[in-house]
Amino acid sequence: MRPTRVRSWIAERVPVSLRSLEQPLREELPVHLRVWMGWLGGTPLLLFVLQVLTGILLTFYYRPEVTHAYGSIRHITYDVRFGWLVRGIHRLGAQLMVITVLLHIIRVFVTRAYRRPRELTWIFGAVMFTLTLGFCFTGYSLVYDSLSYWATTVGTNLLASIPVIGPSLLWIVRAGPDVNPDTLGRFYNVHVGVIPTVFTIVLALHIWMVRLHGVARLESDPRRETYFFFPEHVLRETAMALLIVLGLVLWSMVHPPGLGAPADPAVTPSHIRPEWYFYPSYRWLKMVPMQAGIWTTVAFIVGMVFWPWIDAAIEKRAPGRRIGLWLGATAFLFTLYLLISEAVS
Amino acid sequence: MSLNGLKIMVALLSLALVGALIAAAAVDAKRQKEAEARANVALEAAINPQIARGRAVFEKYGCNSCHGRDGSGGILNINAESGGRVNDLTHVFETYSQQEITDRIRNGVPEVGKSDPTGPDPPLRMPPYRDLIGGQELKDLIAFVMHLRPAPGSKPDTTGW
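These protein sequence lines map, in sequence, to chains A and B.
If you're matching positions, the first sequence starts at 1 in this note's numbering and goes up one per residue.
If you're matching positions, the second sequence starts at 1001 in this note's numbering and goes up one per residue.
The set of hints was computed from the structure by calculation and includes no laboratory data.
Since the model is a prediction, treat every value here as computed from it, not as a measurement.
Glycine included, every Cβ here is placed at the ideal spot set by N, Cα and C.
There could be a bad hint or two in this list.
Stated by the list, open to error - Some chain B residues close to chain A (C-beta under 10 Å, calculated; not the full set): (1) Val1010; (2) Ala1024; (3) Ala1039; (4) Leu1043.
All chains, please: the whole structure from these sequences, using the hints.
Dropping the structure here:
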């Protein structure tokens, strides 16, 4: 079949003009996105795709049963060809995803790109951040070594402290009053099925919103110049993506993933601690009474989700004083303090 | 950065990634060998527990630190007649009797032959293990050493151990 006939065959069945496909590529972006922080918008997306790909490879060998989970992780790490690399990229990619989502949130926060009419874009972003933490928590529990088992136990225990619905919520999450064989299956399904599906939907909505409204201009930047999404921004995002994949491969080579002792419900390790991205809330819960800690954490999350409206209300009462920015900076520094103080404790 | 600068950066990063993946393949090949060795040890323990116990004795008393992992090749021993290295043990089964090996382990090798008679004495000598290894441990160690075989394609060792 000649090329023209191929084209007409496709055009007949997929009646979409190539010009309409080109249009999004010609989108004009404000020049402040040329700074490296501006390249981070696409990075969580890249990492999510990378997590999905490496996650699919891991599911080929992982067995979500209490009797086989630990053994299958050991098999992946030490026997399967490139298993250590795939697991290394998956493990580190998850942590990097938390960091890049946070950096993206910080950039949007500082530039106040969440303001009307972009509130929904922000909300979808905040939901994705929460889902990313959900990914990490459920993923870590699947390793089923001693530390991950007890981190899961301690982490889910917190749910019981929520008034009224806490005990029921705990039962739903654990499939029983304690961490039991069904908990692992439940976490596995949530990790590979529920969260990725919800995340994909929210991500699609987030990108759709960004495309509808375009990238917000900086208040403080008087420049009106723009540059095209393609090829310049695509090249910048590609460079960032390559740099990240390169870093993940090199890091996995230098620090290949290991494995602790198998989980033993009868033996509690001397030093149980969640992964580093939960340090701030973990530290906070140790500093204040449990109920106060949980409610302030919930208030923090709700405040983050609805920040565009809170900031607008503050701005209305005290225009031009940038109280919102100071509040955010204080919250950020305090979170950083909690993280560091837990890390060095 | 200009568009051309970005293109060059992407090209360089792509090359670096290809290089990193090639290096990762080398790391993986090494890990596969280790995995194979672990599988062999597990198989060996399942088939013949005495050899598995002998390997544990071999590692417990640090024999592997001079004779190499699996006795397959020793560390540097300058001017030793065995090619300037501590002997590998993979040909012991065809050159020594059980009694000779027992004597070697118990008495050690106080004097190592020189490759160059006018050169210096080889610094490493095998110490006597008479007071350390005995009874069942000695039997297990001998069984382990006698079961060692050269890797396919390796040259025969004609220098004794």
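Does the CB of Val1010/B sit less than 10 Å away from some CB of chain A? holds, 5 Å
Supplied contact hint for Ala1024/B, tested at 10 Å Cβ to chain A: holds, 6 Å
Using Cβ atoms only, decide whether Leu1043/B comes closer than 10 Å to chain A, and label the hint accordingly. violated, 14 Å
How about Ala1039/B: closest beta carbon in chain A under 10 Å, or not? Constraint on Ala1039/B satisfied, holds at 8 Å.
When held up to the earlier numbered hints, the structure conflicts with hint 4 and nothing else.
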